[in-house]
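Build the full structure now, drawing on both the sequences and the hints.
The primary structure of each chain is shown beneath.
2 protein chains.
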Amino acid sequence: MTSPEPLFLRACRRQPVERTPIWMMRQAGRYLPSYRAVRERHTFLEMCRTPELACEVTLQPIDQLGFDAAILFSDILITLPAMGLEVTFPEKGPKIEGPVRDHAAIKRLAVPDPTAELGYVLEAVRQIRGALAGRVPLIGFAGAPFTMMTYAVEGGGSKDYTHTKQLIFGDPEAAHDLLDRLARTCAGFLEAQVAAGAQAVQMFDSWAGILSPQDFREFALRWATRVIDLLRASPTWRDGGVPIIYFVNGCAPYLADYASSGADVLGVDYRVDIGAVRARVGDGVALQGNMDPGALFLPPEQIRARVADVLARAGRVGHVFNLGHGVMPQTDPAHVRAMVEAVKELSARPDAVAT
Amino acid sequence: MTSPEPLFLRACRRQPVERTPIWMMRQAGRYLPSYRAVRERHTFLEMCRTPELACEVTLQPIDQLGFDAAILFSDILITLPAMGLEVTFPEKGPKIEGPVRDHAAIKRLAVPDPTAELGYVLEAVRQIRGALAGRVPLIGFAGAPFTMMTYAVEGGGSKDYTHTKQLIFGDPEAAHDLLDRLARTCAGFLEAQVAAGAQAVQMFDSWAGILSPQDFREFALRWATRVIDLLRASPTWRDGGVPIIYFVNGCAPYLADYASSGADVLGVDYRVDIGAVRARVGDGVALQGNMDPGALFLPPEQIRARVADVLARAGRVGHVFNLGHGVMPQTDPAHVRAMVEAVKELSARPDAVAT
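Taken in order, these protein sequences are the chains called A and B.
One gets the working numbering by counting positions in the first sequence from 1 and adding 1 to each.
One gets the working numbering by counting positions in the second sequence from 1 and adding 1 to each.
None of these hints come from the bench; they were simulated from the model.
Computed from a prediction, not measured in an experiment: that's the story for all the values here.
Take the hints with a grain of salt, since some may be wrong.
BS3-like cross-link-like pairs, simulated, lysine-lysine; straight-line CA separation at most 25 Å [to be verified]: (1) Lys93(B) to Lys93(A); (2) Lys96(B) to Lys108(B); (3) Lys93(B) to Lys96(A).
Structure follows, in structure tokens:
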């Protein structure tokens, strides 16, 4: 008799579960004292580039708070240096040297071989899998092409994404060339993470929400779909492959198209009613989300009420509980624990599948 | 025989129009060389506080580009000093000294008398009305309570609005006290602008889009509605009053509630299909919007196609053409002209009302 697949993976595939699984974006992060202790001794980039450190902080929230999935400690911008763009992480947000704003600069960007250029990430994946020893699955991740384009073009975060808009509207051919390079980079990197042991992958489209619906289709969804197509066509996915999660921050305007990416799971940000999302995207995909990270500032009994509300709206089948955005550094870990416990208790099925 | 009301005001009231009117958020702004010429000689605050300068730049886009409404040159933060919070406008965005983060600090904030404290704005309104000489109507404006709260609490713009979330979730009583003070300030200021001659008013809820639907209702919509109720109950509105426009930046998640504010016109940001907004909010309100400001980087013939698309989605009745966010400083005024001309030509009704 084989043991059933882990809870999180079954929920991603809309299979029966005995309760709703939970993990949390940025769960390996600054709200945890044990994370800050590591961070005090190392820079952010050192932590990303040292597999032992990445492994250590990835496991902290699993050991301490009981999440149902681990997510690799890394950063979506980690691929940019391998493409030819230097990145630094000062306190006020990441900074990319020499942002690319014309076709000539875009043509100089490489599509990296992840084994050669990002081997430390793959080694971290291997070490984490070993350290987890099967307790919970490990999620790998990368930035979606459009979101990576905003960083490469703006040189960091932005208020109104002027340079990105100038590129996509002023030179769409160059924009699509950049998106193509970013899509191939993303697909190759995710495939390598799976080959190294990642049991699911999430593609973060953190800034796709700055587009009109028609531009979302043309510049964000089209290229996220390309990544997913490349993954599904790869030898790694030959026998079905691991679940693919596509997260669009600010997805509410795009619900008519959101389910067409080919992802197994759609990430839902906290601004929207996840029940309304389910009604619009249909039953072909799982949903992940979507409590406001800010709601973790509520007293624990009100956190419990918010959890109950999300669970009721999301429904029983094909739901992975998560925040609708990364947890904030000022969050009290005791409040996170209250959320985790509430999800586990309130979602327990009377008609539970035997484990 | 009396002449009909101006086109813009009729569209706000869903009355018959011979074509769709157009104005543009930040139309008196840095994309215009004539604005930059004034700005080179004066600080931003000097321009806000000197009626002659505010009047000069308010009229520039009317004279040069042919918009169907003028909007007062000012800033939503202009009320904060009158409440007791100092504001400066460095290049990288506004900064509020001593942001309020607890109830004690909130209780020290005044609800200003606009005539005594903001007389220079009211004088600008009077001068602009005189200078416009009836050519087009003048729109006054203020920041909506929730958006003003984010500035008062964060001390400026923010990436994740941590302090705002800590206040609304950690001390909702203090948050509502602050919102009440901001609502009374907003209503009093808008009423005074109308008394001075403003022919419509817009309330900007630029950051209401950082809330879940339930928190949008509780912390943003509830207090915007309060402002509108205060206005409608005021002597100034006794005989119907001027149209009230409520703009929520990022409105897509809130369409189920958006029409319930009591506003005559709902501002629609560029992320959402304005036709989908119409379908959800019904026919009781006018809509204003919603081309992506970034689309002004397109070649003029493609700008024309975007204009046609917005006009078709928005429909013929109760539509004021606008961008879905402020125009960007890097925009070519010739492209703005192409948009204005396209709106005027493409929306001209075969069954036009005689003017």
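Hint-by-hint comparison with the structure:
1. Lys93(B) to Lys93(A): holds, 13 Å
2. Lys96(B) to Lys108(B): holds, 21 Å
3. Lys93(B) to Lys96(A): holds, 16 Å
Hint compliance for this structure: no hint is broken.
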